[in-house]
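Undergrad: So the chains spell out like this:
Number of protein chains: 2
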Amino acid sequence: MRKANEAYLQIGEVAERTGVTQRTLRFYEEKGLLRPPSRMDGGFRLYSEDDVLRVEQIRRLQNLLGVSLADIKEMVDAEEVLRELKAQYRPEAAVAEKKRQLQKAIEVVQAQYAIVRQKTEQMEEMRTQLEERLNTFDRWMAELERLEQREPVAPA
Amino acid sequence: MRKANEAYLQIGEVAERTGVTQRTLRFYEEKGLLRPPSRMDGGFRLYSEDDVLRVEQIRRLQNLLGVSLADIKEMVDAEEVLRELKAQYRPEAAVAEKKRQLQKAIEVVQAQYAIVRQKTEQMEEMRTQLEERLNTFDRWMAELERLEQREPVAPA
DNA sequence: CGCAGGCTTTACGTCTACGTCAAGGTAACA
DNA sequence: TGTTACCTTGACGTAGACGTAAAGCCTGCG
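Each protein sequence line maps, in turn, to chains P and F. Counted the way our numbering counts, the first sequence spans residues 58 to 213. Counted the way our numbering counts, the second sequence spans residues 58 to 213.
Hints listed in this document are in silico derivations from the structure and should not be mistaken for laboratory results. Model, not experiment: these values are computed from the prediction. Errors might be hidden in some of the hints.
Said to hold, decoys possible - Below, computed lysine to aspartate or glutamate pairings styled on EDC-like, alpha-carbon distance capped at 20 Å:
id	chain 1	residue 1	chain 2	residue 2
1	F	K161	F	D128
2	F	K143	P	E87
3	F	K156	P	E202
4	P	K161	F	E113
5	P	K130	P	E87
6	P	K161	F	D128
7	F	K130	F	E154
8	F	K88	F	D134
9	P	K156	F	E205
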């Protein structure tokens with residue numbers, strides 16, 4: 058029982074809002090990508106808004122980085138660590154322990170950052186190449202149009 | 058028979074150089090991602106340096122964009138069109154036809170460009186978010202270290 | 001010529017990321 | 001209380017992207 062005031066969602070609503078199927082939601086849960094949601098008395102899954110965000114994040118990582126769900130699991134597991142860290146964040150706790158955990162969190166995010174950064178750079182390189190190619194083509198096209206002026210219609 | 062002076066490579070060498078397996082090379086050929094290479098009398102495949110480049114490009118697209126081989130096929134097919142266009146590039150041919158082909162090539166590259174551009178932008182957004190998060194953590198860490206100064210060792 | 005190592009096709013196996021029933025329980029409303 | 005829509009857990013199916021083993025040629029070297 059977390060916040061009782063949060064509006065919980067059934068699997069169908071989550072599926073509709075996130076654009077994935079119910080099967081996919083159960084699959085993600087099975088694979089540890091989503092924390093097992095709470096349940097109604099009858100056994101129906103009850104998702105939180107946080108879960109919706111998680112699903113959306115998973116999809117972004119899938120589409121954007123094109124990495125496996127196993128890799129994504131590592132990332133969202135990291136998010137989980139952050140959540141715990143945040144939840145535990147009471148100033149009265151041992152500072153050294155906090156530092157250790159925060160350090161871990163930093164490393165986790167840095168790893169994510171490294172991946173995104175590397176991919177971004179490689180993509181920008183590819184983008185530059187494509188731009189150059191497009192420029193070349195434009196020049197060729199201009200050249201062809203010049204030729205067209207001089208040789209209006211091919212004879213015979 | 059293309060250029061006789063080019064050093065041709067057997068499948069094992071190509072596999073080693075590109076880091077993919079022989080099976081993968083045959084698979085790409087089967088799926089139309091690689092042009093069927095020439096063969097020795099005995100039937101052994103003989104790859105060109107161009108083929109090696111193609112394989113490397115395929116891998117880049119796979120890793121970077123995380124798109125399906127079917128999508129990649131469209132892209133390398135486009136490359137093929139470009140190759141043909143370039144090979145045919147004799148000024149005596151019909152200008153209108155050339156324009157048509159070039160236009161097609163431009164559209165193909167623009168499509169690729171659009172994909173890369175969109176992904177790059179989305180990734181940069183994600184990168185920014187991660188940077189902000191790292192900054193936040195750094196501030197937290199600094200705060201913890203300040204606390205550490207005042208409460209040197211936790212008593213009991 | 002013999003043979004080791006590389007290559008060929010064929011074909012079944014595997015892993016991922018789900019899709020698609022099937023059989024049955026639950027919620028909500030008339 | 002019945003009906004209908006939504007949900008549950010299996011369990012089998014599938015498309016993509018190869019892996020892997022089998023049975024048999026090819027090539028190069030001694």
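Undergrad: Each hint needs a verdict: does it hold in this structure or not?
TA: Tested hints:
A distance of roughly 17 Å separates the Cα atoms of F:K161 and F:D128; the hinted pair therefore holds under the 20 Å criterion. A hinted pair counts as satisfied when its Cα atoms are at most 20 Å apart, and F:K143 with P:E87 does not qualify at roughly 52 Å. Restraint check for F:K156 and P:E202: satisfied, since their Cα atoms lie roughly 8 Å apart, inside the 20 Å limit. A hinted pair counts as satisfied when its Cα atoms are at most 20 Å apart, and P:K161 with F:E113 does not qualify at roughly 36 Å.
For a cut-off of 20 Å, the pair hint linking P:K130 to P:E87 stands: about 12 Å separates their Cα positions. Among the hinted pairs, P:K161 with F:D128 is inconsistent with the structure: their alpha-carbon atoms are about 38 Å apart, more than 20 Å. The straight-line distance between the Cα atoms of F:K130 and F:E154 is roughly 25 Å, outside the 20 Å bound, and the hint therefore fails. This hinted pair checks out: F:K88 and F:D134 have alpha carbons roughly 12 Å apart, not beyond 20 Å.
Of the pairs offered as hints, the one joining P:K156 and F:E205 holds, with about 10 Å between alpha carbons and a cut-off of 20 Å not exceeded.
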